[in-house]
Amino acid sequence: MLEIKVIGIGGIGCALLPFLARYLNYQGEPARITLIDGDEFERANADRQAFGTLGNKAKVKATEMAREFQRVAFRAVPQYISEANITEHVQEGDTVFLGVDNHKTRKVVSDYCEKLATVTLISGGNDFNDGNVQVHIREGGRDRTAPITRYHPEIRNPRDRSPAEMSCEELMARGSPQLLFANLAIASAMLNAFYGIREGKLTYGEVYLDILEGKSNPVRREGKQ
Amino acid sequence: MTEPLKQATRVRPASPTETQETVRVIYGVHSLDVNIAGRSVGEVRAALRQALNIPPQAVAVVDGRESLESYILQIGEVLEFVRLAGEKGSLEGGLLTWGGRVSGRCRPPGGP
Chain A
1 MLEIKVIGIG
11 GIGCALLPFL
21 ARYLNYQGEP
31 ARITLIDGDE
41 FERANADRQA
51 FGTLGNKAKV
61 KATEMAREFQ
71 RVAFRAVPQY
81 ISEANITEHV
91 QEGDTVFLGV
101 DNHKTRKVVS
111 DYCEKLATVT
121 LISGGNDFND
131 GNVQVHIREG
141 GRDRTAPITR
151 YHPEIRNPRD
161 RSPAEMSCEE
171 LMARGSPQLL
181 FANLAIASAM
191 LNAFYGIREG
201 KLTYGEVYLD
211 ILEGKSNPVR
221 REGKQ
Chain B
1 MTEPLKQATR
11 VRPASPTETQ
21 ETVRVIYGVH
31 SLDVNIAGRS
41 VGEVRAALRQ
51 ALNIPPQAVA
61 VVDGRESLES
71 YILQIGEVLE
81 FVRLAGEKGS
91 LEGGLLTWGG
101 RVSGRCRPPG
111 GP
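Residue numbers (this note's numbering), protein chains in the order written: chain A, 1 to 225; chain B, 1 to 112.
Check the hints yourself; a few may be wrong.
[Claimed, not checked] Covered stretches of chain A, going by a simulated chain B footprint (3 or more residues, C-beta under 8 Å):
| # | segment |
| --- | --- |
| 1 | 60-67 |
| 2 | 93-106 |
| 3 | 118-127 |
| 4 | 131-142 |
| 5 | 213-220 |
[Stated by the list, open to error] Which chain A residues stay away from chain B? Per the calculated CB distances, all over 10 Å, these:
| # | residue |
| --- | --- |
| 6 | 18 |
| 7 | 22 |
| 8 | 225 |
Just so you know, these hints were derived from the structure itself, not from any lab. Every residue, glycine too, gets a C-beta built ideally from N, C-alpha and C.
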């Protein structure tokens, strides 16, 4: 069974999920998508995120996806990913879509993926009108593309913290302008990378996008150092 | 992005002859073919820092390998200053507003 983990059900995760689920629903290969997020949908999210009910993001979206795409199995994990729980939720052979807003969680996931023999990590993030997608592929204990920390010291040595580590006051103080079109562009690029990997034709390890410039720039990230 | 940089990245592609004599410099979506062979990575970083807004911690990579600032660039090489990863994607907030957020675990019991 194709095991897919989607970590972060926010602007990127919500944009990515329906297309990923629809693609898998009609591929014929058994697949399960596990949605992982400790956060809750609130009314204020509705301008960038699609949801039918309030509540935990992973649970709400898993329920909605399961209703629409019945050939794919869905599971919800209503937790933030951290060093304490990642071993439970990411396993050998997984494909991980990582759409989070902090480098600390990226590092936790990347470091753990480096310990696995076979895993695919597709990590996307955006600023206001631009962003990037990184792809780390490990097969048989070897990196086919570079880990997402290798050329990114901001992820390797994060100065931020994961939501699981923040106080309520810190969570409330967070926030910055977001553009749903940027979320959509990054989600689309993550799915493009996934398709490229499935077809054995992915030629890059990182791609940059700028929606105002109308540009994307794929770059190689060799696994070997 | 600065106007000079917009112009620089919109110039016509270098001809095959020109490309053979240049170094390609990449930063994010931007890619330029420039005559900087013989210059060090550090010199190029200093020259482009302002135009490209390259942060000091951006890693320099030459032909796929992390490079020292003292490395002297050769014709035909590709120098990339690795743009920092996007930091958002799951934050809440308005389409064009500054949005505060409240985690579910911070709400009073029984709240929506």
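Consistency of the hints with the structure:
Check on the segment 60-67 of chain A: 0 of its residues sit with their Cβ under 8 Å from a Cβ of chain B, so the three-residue criterion for coverage is violated. Requiring three or more residues with a Cβ within less than 8 Å of a Cβ of chain B, the coverage given for the segment 93-106 of chain A holds, as 6 such residues are present. With 5 residues bearing a CB less than 8 Å from a CB of chain B, the segment 118-127 of chain A meets the requirement of three and the coverage assertion stands. Chain B is given as covering the segment 131-142 of chain A, and this holds because 3 residues of the stretch bring a CB closer than 8 Å to a CB of that chain, at least three being needed.
Coverage of the segment 213-220 of chain A by chain B holds in this model, with 6 residues showing a Cβ closer than 8 Å to a Cβ of that chain against a need of three. No Cβ of chain B comes within 10 Å of the Cβ of residue 18 of chain A; the nearest lies about 16 Å off, and the non-interface call holds. With a cut of 10 Å on Cβ distances, residue 22 of chain A stays outside the contact zone with chain B, its closest approach being about 21 Å. Separation of residue 225 of chain A from chain B is inadequate, the least Cβ-Cβ distance of about 8 Å not exceeding the 10 Å criterion.
The structure fails to meet hints 1, 8 from the earlier list, while all remaining hints are met.
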